[in-house]
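Keeping their order, the protein sequence lines are chains A and B. Residues 1 to 459 (this note's numbering) are what the first sequence spells out, left to right. Residues 1 to 639 (this note's numbering) are what the second sequence spells out, left to right.
The set of hints was computed from the structure by calculation and includes no laboratory data. Glycine included, each C-beta is placed from N, C-alpha and C at the ideal position. Accuracy of the hints is not assured; some may be wrong.
[Claimed, not checked] If you want the ones that stay clear, here's a sample from chain A, every Cβ over 10 Å from chain B, calculated:
1) G308
2) I447
3) F450
4) L454
5) I459
[Claimed, not checked] Facing chain A, a subset of chain B residues (Cβ under 10 Å, in silico):
6) N597
7) G600
8) L604
9) T615
10) G616
11) Y621
12) M625
13) I632
This is what each chain is made of:
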Amino acid sequence: MYAIITISIVAIIVLFFGAFGKKKMILPVIFVGLPLAFIVNLMGWNQSIHYFNEMYIDDNFTIAFNGLLLFIALLIFVFAPVYYKSVKRPLEDIYALILFSLVGGLMMTAFGNLVMLFLGIETLSLSLYLLAGSKKSDPRSNEAAMKYFLTGSFASGFLLFGIALLYGACGSFNLEDIKLYVIQNQANIPAMFSIGLLLMAVGLAFKVGAAPFHFWIPDVYEGSPTLITTYMATVGKVAAFAAFFRLINSSFGDVDFLWKTSLIVFAVATILIGNFAALYQDSVKRMMAYSGVAHAGYMLIAIIALKGNAAGVLLLYSVSYSIATITAFAVLMMVRKETGSFSIKSFNGLAKHNPTVAFAMTIAMLSLAGIPPLIGFSAKYQLFVSAIEQGQLPLVIIAIVGSMVSVYYYLRPVVAMYFTRSIESTPFEAAKLYKKQILFVALLLIILSFIPGLIINLI
Amino acid sequence: MVMESFSFMQSISFLLLLFPLLGFLAIGLFQKQLNKKLSGIIASAFVFLNLILTFILFWYVSTTNQSVETNLFDWIKFANISIPFAITVDRLSALMLLVVNGVGFLIHVYSIGYMKGDDGVNRFFSYMNLFIFFMLILVLSSNYLMLFIGWEGVGLCSYLLIGFWYKDHANNNAAKKAFIMNRIGDLGFLIGIFMMFHTFGTLNISEVATKVSLMPSGSTALLVITFGLFAGAIGKSAQIPLFTWLPDAMAGPTPVSALIHAATMVTAGVYLVARSSVLFVLSPVTMNFILIIGIFTALISGLIAIYQNDIKKILAYSTVSQLGFMFMALGLGSFSGAMFHLTTHAFFKALLFLAAGSVIHALNQEQDIRKMGGLRKKIPFTFALFAVGAIAISGIPPFAGFFSKEMILSVAYEHGMGMGIIATFISLLTTVYMFRLLFVAFYKPESDAVKTNHHIHESPKVMLIPMAVLALLSMVAGFVQIPALFSTNVNVFENYLSPIFLTAQQLVPASGQNLTVLTEWLTLLIPLTIIAILVYMSYVRFAKDRLPSELSGIQKVMANKFYVDEIYDFCFVKPTEKLSLFFRETVDQSIINRLINSIGNSTLYVGGRIRLLQTGNVGFYLIIMVFSIIAILFFNLIR
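Sequences are here, hints too, so could you generate the full structure?
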């Protein structure tokens, strides 16, 4: 709760500084505000405080995921100054929008009421629509914003419709009340209830980017400015998954026959489409977009295998996916800055003149592919184990096949960096700007690889 | 890992493993930095420390009749399998400790002189200490799995040291041959271990012995286990059919041949069978098999040894023959006899190898005995020491070989007159090839090579003193076990080991008939007379300068080692090569590769199709979303 307040205040201060032309003050405020929010977020650990008639629930799940979201946001802001280095105007609007969308994300993990869920999703989404189009001079950015807005509002409509139908069936937006209703009416669930639930699932599946509602992802991820894409692919996805998990876990665990089959179909389709479509991409940015789709498929498995320590598994997977994705996108930003292209060819021979960056990219790719001993492996392993314990063996087999396919496209940049010669041999100028930050995230990824057990047992 | 407080003896037994490991790490890791003169001293010092510890432990187990068991940590623990990393010092392993550390220390010291000036001397000593470490794991382990680790470890060191001078490709081939042949035996060993775990549910040596002593004799499970273990022993101790690696292993430096391929590692097979005595006595079929293998190996390799011209090859075949003799003793149920011969053999065979090394050292790496001759006067000390070894190994009283051979021969005669005569014949072969070697190399008039070589010199003291110690041991070590004929009181060796083999002896009591005193005198005196005649004949035949006569048919076969290598080459090596070629060209390239590639290509093709779904048209996206929602609702509500 206090994190939301802190971030909101920081965002408003940022806007003020922008308005009064104090450009130099903007980033310091953010770099103070985000860690501050991270700390106040930690208060209330193990206390499970409910605010405003259970609108907002501050339990360990919330704190862990909000901590992750704040941390990811901080990491992304680390890259903001270098990414926007050539932009002369104050960027208070973009930074404020990112912070406001973060507020939406923080709500999504903590809602105790469907209204709050919708509020959170819309706060996140509306800011993201704008951010996607924030590079106003680039038609692709505009196109991305337009597409995102059209499909996103379409999905929000279904989500809202689903909420309305659920209210019609249970007479309440409160998750506890809905759970009570489910327990009382388990035998004869009305059609209104199941339709409402399915439509909500569709809405959320869209937000996490699961097939067949993933079509916006490649276009939007590719068109948006890379920093924003990173933000969408990490904060946006993790928040949506936390919301999805909390929704299903707190109210609908007892009626899994209503949603399980659909989610399994989503997961299978997402894993297969994401991984297979990524094979043929020439643009690494687009490839990473499909990789994001594929990972959404894996993370859906954590929701399907709800029992056991699924929340911990989801947290571990979110951490591993986010940090590796940020590393990869950071390298991508650097390469793009130097070569002006996202193409896989621009990675050629990177290892020769920028070994550190090439190493970071390799670590990120291997972790995403799930190669031991990196954290991506532990995350996938724990995920599959918990799914098998819930009897989802066929699903796990498909997921493993998908993983195997993914190794191909994840290794393509690695092969290009290490085994293909580049035309130019001078070190990238941009590397000087990015090198330290990239090394920092890569090291973080390696350090995290040692402590998967700590993360998974956090909640 | 819970650190328990160890008693004094337990700490000592733990240190036994620590010292050589430290030596290996210290010399191995700082190969480049370490002074070449220092590494030998460091390595020898660690083994010397081990030797002191060994004396303490030996004194303890021989006076208290207790064994020292140390559980260092739990090594493997899952489900109902629990295998601790534990070591046991009992009377049998204490004896092996004496042999390994005692002979090992002497050979380490000798190597300081022998390896002087070699570029890889640091590497050499690190391997030597590593070998001691693994050999100690082998003899100390209290379960079969750890024993297997040591077993493999010494195999590895053997491989590394045979191929020590890796620049010569022949050495590498010899190393590979040793490794591969050992692997064949090790497979049997592993199967035996698995079967053992399957049958008894434990790999602890003493627990297995307790459980097996309740089983009936001759069960199939025991047959499989004992055959498996013995297969391992065949590989490691170079018995028929896996004996051809040992003569090739002489490619390594001579101290290695003395330590690994004569005194310690190759006797591990004998130790394994003796250690598992309870298992083996309850499987009479295996015991007979061991007996037959032992006899044939001793016989064939003894015959081959007579016609070899390489000084080290003769000794190698002699080792194979003596090992066969030990297995014969095991097959006859005389575990203490085998262990006794193992011990004395370690002394005089190490001595012989070191003396041979001294000869080779003096003659600038010359190993062909036809190019020697007259060395008696050129290097008198080496000659004297070599002669002691030759007398000892030939079983001439009062040297050690006489007593250990006599112990085995008396068991053989008790088993039956035929068996006794075979055993005597085998032991007489030793006299022939040893004295041929002695006379050709040391007595025969100097060959041209020796005459023109003015650099022939006696070896330095650092080499001679260890040899002298071994010579002394070869002379007196036998007196701990005097044949019953002379005195019934001196049975120190047998009494020392009797607690170890007590269970085996009780389960299957020796069935042989006692011999009359006259027969015993005859079986003792007739062979000795023949030995005397043989020595004289060899002197006449080899010590004079006579042209080598043409080899007759059967002699040619023996000189060519019964063509075993060629037969193996034709039966196993060539077909394996053809088969691997077939698998590489046809199965791998044409079938598997094509299959894998087509899977990859079809995956890519599917990817290419799926990509086309992404049209970039928002209307299309929305339509698909709507259709999907309709489909989902449809399938969920119709049910």
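Right, here's what the structure says about each hint:
Against the 10 Å criterion, G308(A) stays outside the reach of chain B, whose nearest CB is about 21 Å from its own CB. Residue placement check: I447(A) keeps its beta carbon more than 10 Å from all beta carbons of chain B (closest about 26 Å). Once the 10 Å rule is applied to beta carbons, F450(A) is consistent with being away from chain B; the minimum gap is 20 Å. Its beta-carbon lying about 22 Å from the closest one in chain B, L454(A) satisfies the requirement of being farther than 10 Å from that chain.
The claim that I459(A) lies off the interface holds: its Cβ sits roughly 28 Å from the closest Cβ of chain B, which is beyond the 10 Å cut-off. Checking N597(B) against chain A: minimum C-beta separation of about 13 Å lies over 10 Å; hint violated. For the restraint placing G600(B) at the interface with chain A, the shortest Cβ-Cβ distance is roughly 8 Å, inside the 10 Å limit, so the hint holds. The beta carbon of L604(B) comes within 6 Å of a beta carbon in chain A, closer than 10 Å, and the hint placing it at the interface holds.
Checking T615(B) against chain A by beta carbon gives a least distance of about 9 Å; that is within 10 Å, so the hint holds. At its closest, the beta carbon of G616(B) sits 6 Å from a beta carbon of chain A; the interface hint therefore holds under the 10 Å criterion. With 10 Å as the threshold, the beta carbon of Y621(B) comes within range of chain A, its nearest partner Cβ sitting at about 4 Å, so the hint holds. Because the smallest distance between the Cβ of M625(B) and any Cβ of chain A comes to about 6 Å, under 10 Å, the interface hint for this residue holds.
Among the interface hints, the one on I632(B) holds; its C-beta lies about 5 Å from the nearest C-beta in chain A, closer than the 10 Å criterion.
Hint 6 from the list above is the single one not met by this structure.
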